[in-house]
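Each chain, letter by letter, is given below.
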Amino acid sequence: MRCGYGLAALPGSDARFFSPETSFLRLPRTVHPTRIKFGSFKVRAKIDEARKEVSFYELLGISETGTLLEIKQAYKQLARRYHPDVSPPDRVEENTERFIRVQEAYETLSDPRRRALYDKDLALGLHLAFSARRRYQSDEDLEDRGEWRSRWQSQLSELKRRSMNRDAGGNMSWGARMRKQREESSKEL
Amino acid sequence: MALCACSFPAIVSCCAAASEPQKSTPFASHLLGGSDLGFHPLLKLNQVKKRSGGVYASLSEGAEYYSSRPPTPLLDTINYPIHMKNLSVKELKQLADELRSDVIFNVSKTGGHLGSSLGVVELTVALHYVFNAPRDKILWDVGHQSYPHKILTGRRDKMHTMRQTNGLAGFTKRAESEYDCFGTGHSSTTISAGLGMAVGRDLKGERNNVVAVIGDGAMTAGQAYEAMNNAGYLDSDMIVILNDNKQVSLPTANLDGPIPPVGALSSALSRLQSNRPLRELREVAKGVTKQIGGPMHELAAKVDEYARGMISGSGSTLFEELGLYYIGPVDGHNIDDLVSILKEVKTTKTTGPVLIHVVTEKGRGYPYAERADDKYHGVVKFDPATGKQFKGSSVTQSYTTYFAEALIAEAEADKNIVAIHAAMGGGTGLNLFLRRFPERCFDVGIAEQHAVTFAAGLACEGLKPFCAIYSSFMQRAYDQVVHDVDLQKLPVRFAMDRAGLVGADGPTHCGAFDVTFMACLPNMVVMAPSDEAELFHMVATAAAIDDRPSCFRYPRGNGIGVQLPPGNKGVPLEIGKGRVLIEGERVALLGYGSAVQSCLAAASLLESHGLKLTVVDARFCKPLDHSLIRELAKSHEVLITVEEGSIGGFGSHVAQFLALDGLLDGKVKWRPVVLPDRYIDHGSPADQLAEAGLTPSHIAATVFNVLGQKREALGIMSSRN
Chain A
1 MRCGYGLAAL
11 PGSDARFFSP
21 ETSFLRLPRT
31 VHPTRIKFGS
41 FKVRAKIDEA
51 RKEVSFYELL
61 GISETGTLLE
71 IKQAYKQLAR
81 RYHPDVSPPD
91 RVEENTERFI
101 RVQEAYETLS
111 DPRRRALYDK
121 DLALGLHLAF
131 SARRRYQSDE
141 DLEDRGEWRS
151 RWQSQLSELK
161 RRSMNRDAGG
171 NMSWGARMRK
181 QREESSKEL
Chain B
1 MALCACSFPA
11 IVSCCAAASE
21 PQKSTPFASH
31 LLGGSDLGFH
41 PLLKLNQVKK
51 RSGGVYASLS
61 EGAEYYSSRP
71 PTPLLDTINY
81 PIHMKNLSVK
91 ELKQLADELR
101 SDVIFNVSKT
111 GGHLGSSLGV
121 VELTVALHYV
131 FNAPRDKILW
141 DVGHQSYPHK
151 ILTGRRDKMH
161 TMRQTNGLAG
171 FTKRAESEYD
181 CFGTGHSSTT
191 ISAGLGMAVG
201 RDLKGERNNV
211 VAVIGDGAMT
221 AGQAYEAMNN
231 AGYLDSDMIV
241 ILNDNKQVSL
251 PTANLDGPIP
261 PVGALSSALS
271 RLQSNRPLRE
281 LREVAKGVTK
291 QIGGPMHELA
301 AKVDEYARGM
311 ISGSGSTLFE
321 ELGLYYIGPV
331 DGHNIDDLVS
341 ILKEVKTTKT
351 TGPVLIHVVT
361 EKGRGYPYAE
371 RADDKYHGVV
381 KFDPATGKQF
391 KGSSVTQSYT
401 TYFAEALIAE
411 AEADKNIVAI
421 HAAMGGGTGL
431 NLFLRRFPER
441 CFDVGIAEQH
451 AVTFAAGLAC
461 EGLKPFCAIY
471 SSFMQRAYDQ
481 VVHDVDLQKL
491 PVRFAMDRAG
501 LVGADGPTHC
511 GAFDVTFMAC
521 LPNMVVMAPS
531 DEAELFHMVA
541 TAAAIDDRPS
551 CFRYPRGNGI
561 GVQLPPGNKG
571 VPLEIGKGRV
581 LIEGERVALL
591 GYGSAVQSCL
601 AAASLLESHG
611 LKLTVVDARF
621 CKPLDHSLIR
631 ELAKSHEVLI
641 TVEEGSIGGF
651 GSHVAQFLAL
661 DGLLDGKVKW
671 RPVVLPDRYI
681 DHGSPADQLA
691 EAGLTPSHIA
701 ATVFNVLGQK
711 REALGIMSSR
721 N
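Taken in sequence, the protein lines are chains A and B.
Its first residue numbered 1, the first sequence is counted upward by one per residue in full-length UniProt numbering.
Its first residue numbered 1, the second sequence is counted upward by one per residue in full-length UniProt numbering.
No lab work stands behind these hints, which were simulated from the structure alone.
Possibly wrong hints are sitting among the right ones.
[Claimed, not checked] As a list, the in silico BS3-like pairs of lysine-lysine whose alpha-carbon atoms are at most 30 angstroms apart:
{"#": "1", "chain 1": "B", "residue 1": "Lys612", "chain 2": "B", "residue 2": "Lys667"}
{"#": "2", "chain 1": "B", "residue 1": "Lys612", "chain 2": "B", "residue 2": "Lys669"}
{"#": "3", "chain 1": "A", "residue 1": "Lys180", "chain 2": "B", "residue 2": "Lys349"}
{"#": "4", "chain 1": "B", "residue 1": "Lys612", "chain 2": "B", "residue 2": "Lys710"}
{"#": "5", "chain 1": "A", "residue 1": "Lys160", "chain 2": "B", "residue 2": "Lys349"}
{"#": "6", "chain 1": "A", "residue 1": "Lys160", "chain 2": "B", "residue 2": "Lys346"}
{"#": "7", "chain 1": "B", "residue 1": "Lys346", "chain 2": "A", "residue 2": "Lys180"}
{"#": "8", "chain 1": "A", "residue 1": "Lys180", "chain 2": "B", "residue 2": "Lys204"}
{"#": "9", "chain 1": "B", "residue 1": "Lys415", "chain 2": "A", "residue 2": "Lys72"}
{"#": "10", "chain 1": "A", "residue 1": "Lys160", "chain 2": "B", "residue 2": "Lys90"}
{"#": "11", "chain 1": "B", "residue 1": "Lys246", "chain 2": "A", "residue 2": "Lys72"}
{"#": "12", "chain 1": "B", "residue 1": "Lys343", "chain 2": "A", "residue 2": "Lys160"}
{"#": "13", "chain 1": "B", "residue 1": "Lys204", "chain 2": "B", "residue 2": "Lys85"}
{"#": "14", "chain 1": "B", "residue 1": "Lys388", "chain 2": "A", "residue 2": "Lys76"}
{"#": "15", "chain 1": "A", "residue 1": "Lys160", "chain 2": "B", "residue 2": "Lys85"}
Using the sequences and the hints given, assemble the complete structure.
Structure (structure tokens):
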């Protein structure tokens, strides 16, 4: 409890209390994509300097082909060792940082989807720290959302266009026949 | 505490740089009080909007989730959807936040389905804003996400009775409110029902809208495709909203963490979401149509369609091919988007069937739910501030867990044993089996029919399939059981959980009919354990029966506390043999399944009245223990069969046998105790048993009635409470 507040200063780093990606996705609710990129860039810079270039596998001390069980065991071991509540008072700060990084590593590697992404990045020679990756992905997600909007807007206009000449012509479906009937009966009224 | 005082300004300035300017002052003071708030600051600040003044509330206000009712000034003014019509979109967003906090508060007090309801808050608000229920029909598939809908449609004051006796049902129910247009509980029925309502509307010449909300999990069931196929053909105007949250099974996780949803459909839907349309191609297509345009409407339309098919994901063409116009994906938590799309579709005449693909997050807005593997799908009462559920402690485990352990023990010994379930890894306990034998556990999605025939195919190859499907869900797969399994005498084993009354879920999930429909099949072995040790033995028995299909049923709830067989390995029982538990005289209680426990309780009630009853556990409904029944009929005056099932089950089979054997021509009186000929509403298990007339007191009273001692019968019934 007491440690949590101090660490909250680094958004995205307090993995113990929240998962970074949810809070960050929440951040730019209705803002334009450009706005978001700017913000995340600033924050990303902050994160990067706090991270060292150690891969998650090295951090947990397992091989890259480690199974979920190994990952879990390694995580539990390290978490027990570095948890701020059980570390000697003079090493609380560094241990807490280690703990957070271990937590991030576990969260990435235990989720098969995120692990796949991480492995891909690693293969490309990029160790993007978890949070940075999250930023990147959330940017992607948000870009996707921007794409989404333009996509469904064009779909809606297409729908309107189609509906113009929908019930015309031969080969009428049952629904078209009923609609026509309804129109005619309402005209009569 | 000094530490936290400093940290907040730091966050504020950091976030302020990152996104729109925010007011920070009201929050710092709120946030300092309260425990475990580390993650809240960011959550809070994100949701602050510039306010000009006046009372306002948002989910994050005050930082903690209240143990007392959270302030909901805007929601307090909404009793019915019509009260929403004058709100601005900004107010709708505030309403959604308040609605969300209200849902969390209510479910924390009563238990129920949380994650799904949280995921559709914005969608519910948008639907009720745009459409005019109850004239416009809004159908909720499965119904467990209908809590926000119920709050907005005049039932907010009754939310504290959710899933309790005489309270609100946990699913939509026609008898409860005119805003619930179709009763749901089992999945994948809303497109079919919605199409029926749309066609009915067309035949009557009316003009209201029909909207069916269905999830991606429910979309894995065949009925959804049957409905879409028909909808595309009939071309009647209706809207299908596909609520996609990538959660197919319950939970979409095994015991160790999240797993990707089962089924090829889920990956197709994912591709739809991430597919970045080739902008250039689209521009080209637009350009081409512009040029062609003018008089050449049809040709232009064809080009458009072609281009759309090329640039949109392969999944959307599935829906398009079925005849539904695909729109999406849409951010399901953005009320702006939802309202504008729904308004557009509503005002467009002659749309035919339209499918709007909405992407949501289960458990959204409550961090504990978002992070949990099961997304807090179904919870008991919990503390909103910490997310901790108040799970009762029990000495024994649930029958579900015992079944899973028994199956694991059998599978250790026999490598041919495989398990199949239909998106219910948690509910059937097979997640335990999955962890132990990942290659031998099959989750087929919500597809019970397929699960049964799939099991039949496995049995053809000499494997030993165990189909774990809830008793009420087995109803869906009945023809497959008859035609694909029983007719060919394939050794498929059916483990039917949630047999009998099930408590808060109500009649939609009640397993009343499985004895009836299983025992009438010629080749089926039908049995039921009376306690958990018997369950272990019956799993072993089923594993041993290799020449014909078999099934066994067990109830919801925990074991009674008998000793378990060593190593969790049961011993196969002799087929067609019951066991006598208490030797008595004059009156015999012949119980089947968990009803045997009620019989024992009734017997002890009657001991004080000087009656010593015989209590027998029949174990098998098919084949019946003929010699035992003959003996009971010959040596007793009264024979009462007790079961937690409908008419046509165990009691009827016993009666049939007694009649054919000439035993009813003598002096013995036979009486059945079964579930009454009506649906028992949801409530606590004790209330339901009392309503159904299956409590030990009821059985004891029946005994007295048959013996002609009406006075004593009344005495027992009135001294119940």
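Comparing the hints with the structure gives:
A threshold of 30 angstroms between alpha carbons decides the hint, and for B:Lys612 with B:Lys667 the separation of about 19 angstroms falls inside it, so the pair holds. Proposed proximity of B:Lys612 and B:Lys669 is supported: the alpha carbons are some 17 angstroms apart, at most 30 angstroms. For the given pair, A:Lys180 sits about 12 angstroms from B:Lys349 by alpha-carbon distance, which is consistent with the 30 angstroms threshold. For the suggested pair B:Lys612 and B:Lys710, the alpha carbons sit about 18 angstroms apart, so the restraint of at most 30 angstroms is met.
For the given pair, A:Lys160 sits about 8 angstroms from B:Lys349 by alpha-carbon distance, which is consistent with the 30 angstroms threshold. Only pairs whose Cα atoms come within 30 angstroms are accepted, and A:Lys160 paired with B:Lys346 is accepted, the gap being roughly 11 angstroms. Distance restraint check for B:Lys346 and A:Lys180: the Cα-Cα separation of roughly 18 angstroms lies within the 30 angstroms cut-off, and the hinted pair is therefore satisfied. With a CA separation close to 13 angstroms, the supplied pair A:Lys180 and B:Lys204 stays within the 30 angstroms bound.
For the given pair, B:Lys415 sits about 28 angstroms from A:Lys72 by alpha-carbon distance, which is consistent with the 30 angstroms threshold. For the proposed pair A:Lys160 and B:Lys90, the alpha carbon gap of about 27 angstroms is at most 30 angstroms, so the pair holds. Distance hint between B:Lys246 and A:Lys72 is fulfilled; the C-alpha atoms sit about 24 angstroms from each other, no more than 30 angstroms. Restraint check: the Cα-Cα separation between B:Lys343 and A:Lys160 comes to about 12 angstroms, which is no more than 30 angstroms; the hinted pair holds.
For the hint pairing B:Lys204 with B:Lys85, the CA-to-CA distance comes to about 27 angstroms; that is within 30 angstroms, so the pair holds. Distance restraint check for B:Lys388 and A:Lys76: the Cα-Cα separation of roughly 21 angstroms lies within the 30 angstroms cut-off, and the hinted pair is therefore satisfied. Restraint check for A:Lys160 and B:Lys85: the C-alpha separation of about 25 angstroms stays at or below 30 angstroms, so the hint holds.
Every hint, counting from the list given before, is met by this structure.
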